[in-house]
Amino acid sequence: MLTPAELVWLIAAVAKGDEAAFERLYAATRSKLYGVVLRILRRQDLAEEVVQDTYVKIWNSAGQFNPGVASPITWMASIARNRAIDLVRKRSELSIEEEPAAMEVAADSPDPLARREMTEELKRLLECVGRLDPDRQKLILLAYYNGWSREQLAAKFAAPVNTVKTWLRRSMLDIRECLGL
Amino acid sequence: MEYSEDHIALAAEYAIGTLDADERAQVETMMSVDSEFTAIVRAWEYRLGVLNQMVGSIEPSSEVWERIKTAVGWTGQPREPLVMPEPPPIPPATQISEAVASLESSMSAPPPIAPEEMEALVREHPVPPPIDVAESDMLVRMPPRAEITDSDNVVALTRRTRSYRNIAVAMTAIAAALLALIGMQVMSPQLVPGLGGKPRTQVVEVRPTPSPTPLAPSLVPSAQYVALLQGSAGGPAFILTVDTATRNFTVRKLGAPPIDASRNYELWLISDKLQNRPRSLGVIGASEFTSRALLAGYDADVINTATYAVTVEQSGGSPDGAPHSQPVFVGRLIETVPATPAPAPTRTR
Numbered sequence: 001m002l003t004p005a006e007l008v009w010l011i012a013a014v015a016k017g018d019e020a021a022f023e024r025l026y027a028a029t030r031s032k033l034y035g036v037v038l039r040i041l042r043r044q045d046l047a048e049e050v051v052q053d054t055y056v057k058i059w060n061s062a063g064q065f066n067p068g069v070a071s072p073i074t075w076m077a078s079i080a081r082n083r084a085i086d087l088v089r090k091r092s093e094l095s096i097e098e099e100p101a102a103m104e105v106a107a108d109s110p111d112p113l114a115r116r117e118m119t120e121e122l123k124r125l126l127e128c129v130g131r132l133d134p135d136r137q138k139l140i141l142l143a144y145y146n147g148w149s150r151e152q153l154a155a156k157f158a159a160p161v162n163t164v165k166t167w168l169r170r171s172m173l174d175i176r177e178c179l180g181l
Numbered sequence: 001m002e003y004s005e006d007h008i009a010l011a012a013e014y015a016i017g018t019l020d021a022d023e024r025a026q027v028e029t030m031m032s033v034d035s036e037f038t039a040i041v042r043a044w045e046y047r048l049g050v051l052n053q054m055v056g057s058i059e060p061s062s063e064v065w066e067r068i069k070t071a072v073g074w075t076g077q078p079r080e081p082l083v084m085p086e087p088p089p090i091p092p093a094t095q096i097s098e099a100v101a102s103l104e105s106s107m108s109a110p111p112p113i114a115p116e117e118m119e120a121l122v123r124e125h126p127v128p129p130p131i132d133v134a135e136s137d138m139l140v141r142m143p144p145r146a147e148i149t150d151s152d153n154v155v156a157l158t159r160r161t162r163s164y165r166n167i168a169v170a171m172t173a174i175a176a177a178l179l180a181l182i183g184m185q186v187m188s189p190q191l192v193p194g195l196g197g198k199p200r201t202q203v204v205e206v207r208p209t210p211s212p213t214p215l216a217p218s219l220v221p222s223a224q225y226v227a228l229l230q231g232s233a234g235g236p237a238f239i240l241t242v243d244t245a246t247r248n249f250t251v252r253k254l255g256a257p258p259i260d261a262s263r264n265y266e267l268w269l270i271s272d273k274l275q276n277r278p279r280s281l282g283v284i285g286a287s288e289f290t291s292r293a294l295l296a297g298y299d300a301d302v303i304n305t306a307t308y309a310v311t312v313e314q315s316g317g318s319p320d321g322a323p324h325s326q327p328v329f330v331g332r333l334i335e336t337v338p339a340t341p342a343p344a345p346t347r348t349r
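Residue numbers (our numbering), protein chains in the order written: chain B, 1 to 181; chain Y, 1 to 349.
Worth flagging that the hints you see were computed from the coordinates, not collected in a lab.
The beta carbon of each residue, even a glycine, is placed where N, CA and C say it ideally should be.
Check before you lean on any hint, since a few could be wrong.
Stated by the list, open to error - Computed footprint of chain Y on chain B, listed as stretches where at least three residues anywhere in the stretch have a Cβ under 8 Å from a Cβ of chain Y:
(1) 130–137
(2) 143–153
Claimed, not checked - Calculated from the model, a selection of chain B residues having no Cβ within reach of chain Y, i.e. all distances over 10 Å:
(3) Arg42
(4) Arg43
(5) Ala158
(6) Ala159
(7) Pro160
(8) Asn162
(9) Thr163
Use the sequences and the hints to build the structure in full.
Structural data, given as structure tokens:
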């Protein structure tokens, strides 16, 4: 896995149109991005489409990446997640879970993350999430990792949609306060 | 501009993904006209984005890359393989002893590369533009690399900003969040730290130092500099990382072709402040990382402005402290993570 500094370099090179750097960047990061969006979309064809669109966007907007506000993989994953969630929300009339092609998502190459490998930011965030009620923790993490809508969360927690909205907002504001933002 | 709690919550829900399609469109419209609001949304996205570290990697099919190349209009010319120059022939044993004898009398060893030649070769490799890094509120940090230094003189950059009581509370909170993740089967148990899983093997040349207390990893308040060392065919062969506080450097092999066992890559520092005479930083080992503290003897401004070059030398490196081949990879340092001020202590609840 390339370090953040190496990825920053590659993105800077991509911004200058360096095709070899773009290929290198793709090779280093595609599996992570695919893993992130596959968990949301649950379909390989849709996930591949999103990954493709994401890297095209990265190719075109590499010059806008500011390493001062985000790490490279976070910047890239944000682009990927936004595309994936846009797709899921637009298809909301069709429940993704019921589609025949929907799949159980499991990582076939899990990357065990020892505590010492977690960045300081991740530890701080997990610490703040960990201070929420257990149900709120599950709410936040299901929403983030699986890209669930308020309706899906409401079904899971047997609560009205508006209550879920209140829970989400309250939890996010608690996390924000805990992070000292 | 003061944003209401509603606005902040809207930005947060956008980042976490729970807004419906109409609300997402509304937020995107707001972002297109209000750059401050955009910054709030992005701040949420980037704060939450660290969660992606926990997601397992999965290979997409190889067709995805083909479609990307088409979509960006890439001709897809294959990268030329790096062409290694001919290194000087290694003399057989009898010739070596004769050479040693004649060295002692007349210093007739092969001449080192003249500084002007080095400089000319260096000029052929343009320096990449410096990356514009915002100075405030740095969220980018290098992951702790304490495990790959080999110097006993390294100052441990631990920083204890919490009392032990706070550490215990924090660890419980993290454990709670992780159990929530397992409970939801978001991740397989192998992804959870401490519960086993495939051990990661990482070939590291140097002896690891013990890591500091679990929640006080070595923060890196000092600046980090990176150089891509590349040859004429393009593509980085090595990445050189320099930590200005410890004067440690690390060389990581990226695309450098392997060379046979009778030769070694050797790293050199060349500075006009040192009359452009190349100074050896040692042989680059065969493993992925090589880490040394050899920059301790150089001034910071020498280190920061020098050119770094890799040559191919005989096994064990140049015998006389001067390079005996043309540089094959060259680069200069660029600062990627400026030195950060001490982080504010976190609030306890």
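Hints and how they fare:
A count of 4 residues in the segment 130–137 of chain B with a Cβ less than 8 Å from any Cβ of chain Y is obtained; the coverage claim is therefore met, three being the minimum. A stretch counts as covered by a chain when three or more of its residues have a beta carbon under 8 Å from one of that chain; for the segment 143–153 of chain B and chain Y the count is 9, and the coverage holds. B:Arg42, annotated as away from the interface, keeps every beta carbon of chain Y farther than 10 Å; the closest lies near 12 Å. The claim that B:Arg43 is not at the interface with chain Y holds, since no C-beta of that chain comes within 10 Å of its own (minimum 12 Å).
In this structure B:Ala158 is separated from chain Y by more than 10 Å, as the shortest Cβ-Cβ distance comes to about 16 Å. At roughly 14 Å from the closest C-beta of chain Y, the C-beta of B:Ala159 stays outside 10 Å, upholding its exclusion from the interface. No Cβ of chain Y comes within 10 Å of the Cβ of B:Pro160; the nearest lies about 14 Å off, and the non-interface call holds. With a least CB separation of 12 Å from chain Y, B:Asn162 remains clear of the 10 Å interface cut-off, as annotated.
Non-interface call for B:Thr163 relative to chain Y: holds, since the shortest CB-CB distance, roughly 13 Å, exceeds 10 Å.
In this structure, every one of the numbered hints holds.
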